[in-house]
Amino acid sequence: MKYTSIIVEDLQPAADFLRKFCERSGIIEVQGQFPNGEEALVFLSENLVDLIFLDVEMPGITGFQLMDQLVYQPQVILTTSKTEYAFSAFEYNVTDFLRKPFTYQRFLEAVQKVEVKKQQEDSNTTDHIFIKVNGKLIRLKNDEILYIESMGDYVKFVTAEKKYITHNTIKNLETKVDSQKFLKVHRSYIVNLASIDDIQENTLYIRGNHIPISKAHKSKVMQKINII
Amino acid sequence: MNKEEIQYIYSGRFDAAFLDELYADDIQSAAEIFESSLNLIVSEMATAEELFYQADLESLRKLFHKIKPLFGYVGLLKLQALVQKFEDSCATAANTEELRNQYQELNIMVTESVSIIRQELIRMKMFINVRA
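Residue numbers (numbering that gives the first Met the number 0), protein chains in the order written: chain F, 0 to 227; chain R, 0 to 131.
Check the hints yourself; a few may be wrong.
Unchecked claim - Here are the simulated lysine-lysine pairs, BS3-like style, with alpha carbons at most 27 Å apart:
hint: 1; chain 1: R; residue 1: K61; chain 2: F; residue 2: K81
hint: 2; chain 1: F; residue 1: K19; chain 2: R; residue 2: K61
hint: 3; chain 1: F; residue 1: K140; chain 2: F; residue 2: K116
hint: 4; chain 1: F; residue 1: K19; chain 2: F; residue 2: K175
hint: 5; chain 1: R; residue 1: K124; chain 2: F; residue 2: K81
hint: 6; chain 1: R; residue 1: K124; chain 2: F; residue 2: K19
hint: 7; chain 1: F; residue 1: K19; chain 2: R; residue 2: K77
hint: 8; chain 1: F; residue 1: K162; chain 2: F; residue 2: K175
Simulated from the structure, these hints should not be mistaken for laboratory data.
Keep in mind that this is a model prediction, so the values were computed, not measured.
Please work from the sequences and hints to get the whole structure.
In structure tokens:
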């Protein structure tokens, strides 16, 4: 499998060095290289990547502030020259922490962690989920769920028969639902790919419901659906 | 002997084992990183001088934090450790007077390192030309 990535690094030789390792690995595709967090966020608002190589101290926002502003959760490998950030890295649940300069062997170890984490995410999925509604845990089969809609601090699970409102967020659910079946198409919507009836430009339709597709998620939607 | 089989040997002042780990036998990439690191060290040290005399300790700390790994990319690990020490001192010093001696010593060492990195880069380019 190939992983899409970006490099966020203000030190040009360090970014070039890392890009060479990515190319050498054959499994990390670098889609962009940014000297600060602000430019990276602009890119990430319109593109989805699997992995971010992220420096911590840069001009403008820090790597941690960038992670706070992400609207989805790609894996992150922190690249820094300061070990003091290790504790914060742990709190942010980053995949690995590379101290510059690092060897190719150490880089490969980090890439292996990316693969393991991805496999764990994929294998954690079951054919159903439980949601808490009015003090009860209700079992919903993945196939029953048409889509999930954000309602501030709550989300609405929509099935063909009923709607369930529960305390949760789309950002949290994004990592919990089966990524093979469900896809976030907008910051307020996760849809069951199998329930999509049709797509017209930036809107998809599920049983008469109009669901917007954001610019950031459009390419991923088009990749996931089976276009002949 | 096949020209491609000739191995580059780094000069004694560099941590050759570490450089071999970083670049393996890709001397072309090593030379590119040496060159970009060298250019950046030279330009950033000129900025450091201004910051020191402006007594802007936080900007000075950030600058040394930024350039610190460059000494690692060129295999000068002891110098990288000294830059780390100076970066830490910038965070705790009350004023630049406290740092004057440490700064001047570091400045001399970095200036020397610029010279040896430049010489090594010439050697690397010659090697690349000969091998080609």
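**Asked** Going through the earlier hints one by one, which of them does the structure break, listed in rising order?
**Response** Numbers 4, 5, in rising order.
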